[in-house]
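*Asks:* Chains as they are written, first to last, in my numbering: chain B, 318 to 642; chain C, 666 to 749.
Honestly, the hints are just simulated from the structure, not real lab data.
Each statement offered as a hint is correct.
Per label pair, the in silico range of CB-to-CB distance:
no., chain 1, residue 1, chain 2, residue 2, range
1, B, M560, C, G688, 29 to 39 Å
2, B, E449, C, Q744, 43 to 53 Å
3, C, S742, B, E380, 14 to 24 Å
Here are the simulated lysine to any residue pairs, SDA-like style, with alpha carbons at most 20 Å apart:
no., chain 1, residue 1, chain 2, residue 2
4, B, K592, B, E581
5, B, K434, B, Q459
6, C, K698, B, D539
7, B, K365, C, F733
8, B, K616, B, E336
9, B, K461, B, I496
10, B, K365, C, H728
11, B, K542, B, A425
12, C, K698, B, A389
13, C, K698, B, A400
14, C, K698, B, N392
15, B, K362, C, L722
Only a predicted model underlies this, so the values are computations on that prediction, with no experimental measurement involved.
Built from N, CA and C at the ideal position, the CB exists for glycine as well.
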Amino acid sequence: MAATMRNVDEIRDRVILGEFDVKNVHTTDYPGNYPGYDDTWSLQKFQKNFRIDVVQMDDTSLEFDMVGIDAAIANAFRRILLAEVPTMAVEKVLIYNNTSIIQDEILAHRLGLIPIKADPRLFEYRNAGDEEGTEIDTIQLQLKIKCTRNLRATKDSADPRELYLNHMVYSKDMKWVPIGNQADVFADIDIGPVHGDILLAQLRPGQELDIVMHCVKGIGQDHAKFSPVATASYRLLPEITLMETVEGEKAERLKRCFSPGVIEVENHGGKVVAKVVNSRLDTCSREVLRHDDLKNAVKLARVRDHFICMYPVNLEITVCCLANL
Amino acid sequence: EDHTLGNSLRYMVMKSLDVDFCGYSITHPSESKINFRIQTRGGVPAVEPLRRGLNELTDVCQHVLNTFQSRVSEFRSQQEDVMD
Chain B
318 MAATMRNVDE
328 IRDRVILGEF
338 DVKNVHTTDY
348 PGNYPGYDDT
358 WSLQKFQKNF
368 RIDVVQMDDT
378 SLEFDMVGID
388 AAIANAFRRI
398 LLAEVPTMAV
408 EKVLIYNNTS
418 IIQDEILAHR
428 LGLIPIKADP
438 RLFEYRNAGD
448 EEGTEIDTIQ
458 LQLKIKCTRN
468 LRATKDSADP
478 RELYLNHMVY
488 SKDMKWVPIG
498 NQADVFADID
508 IGPVHGDILL
518 AQLRPGQELD
528 IVMHCVKGIG
538 QDHAKFSPVA
548 TASYRLLPEI
558 TLMETVEGEK
568 AERLKRCFSP
578 GVIEVENHGG
588 KVVAKVVNSR
598 LDTCSREVLR
608 HDDLKNAVKL
618 ARVRDHFICM
628 YPVNLEITVC
638 CLANL
Chain C
666 EDHTLGNSLR
676 YMVMKSLDVD
686 FCGYSITHPS
696 ESKINFRIQT
706 RGGVPAVEPL
716 RRGLNELTDV
726 CQHVLNTFQS
736 RVSEFRSQQE
746 DVMD
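Just chain B, same shape as in the assembly (with noise of 0.2 Å):
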């Protein structure tokens, strides 16, 4: 049986989802608060409680949880990732020659959200006012493209690919140009957009693009173009607590109202019995909170200082994002 908090206890550490509201949402446990409970900030007891566990990492995404937290300061690390950390974009866009379908300032706009990949932090940023760009702030980058018919095709073909010759422009046929000594510097790292298969443009035969990017440091906050997550959450650990025991066909339908792989169903001496299996997999629908017998056998709480933090990345930014703070 699960065993039930004291009521205080309760209110400090569990955000309680109820039918119509959410119970205890802000954190109380402030020095005086509460007789018996000494809250005030101490380094120690934080860095006792304190712990990260990465749940799954790679090139595109990180997924970790950190537990002993309070929420104000998980969320100014979400608030610094998305708005604060510096990456390199897209900033002047010089069109020598645009004679595609798709008009310069949307060109423009579109080379700006292409992500880059180049490591911020061994950029400056550039001064107000100075136009040209020095090699210590800006990366050149080059579009030069035309789209030519294809000779060798069929008579017949109606199919683009095979006719014209060109005709998809990618952001892999942007190209680094070094300015300065950037040759030597980043002599072994492959300055580039980071996907290649990002679709800028389609063009005809005759049609052509004659383009000079300048790429510059910035922020999110200037320019969402900045941000280096796609974007960056947390949830609470959900936690469900049953209050009574659920069994027979009660118990699959309470299967039912939870995200696959939380609740099970099991056999005990010929009783099929539900349990909480794991609780973090839930989206906390509250869906069992609609049906009346099944709402009063099940508790739903959030653990309050439990994040479970998802970023998507674009680039390795991971220890560049906290020491900004």
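Use these hints to put chain C onto chain B, whose structure you have.
*Replies:* Using the frame of chain B, we list chain C on its own:
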């Protein structure tokens, strides 16, 4: 400044014993300025919990950074072991 610093600093200042009241508000969303108010008890000058709060906040972030870096490198080496 905005909520990023305001909320986390408010939390750290509230956690100290001599603070009676602490809060912040954004004057206008277009300007990045916050009004931060601290009221202490016992005659303590209000600048002190502010300074302490800022220092404690930097300590917290440093600790989180260290923990994070060590866990990430642990995870990476674990992954490499699995791949080998």
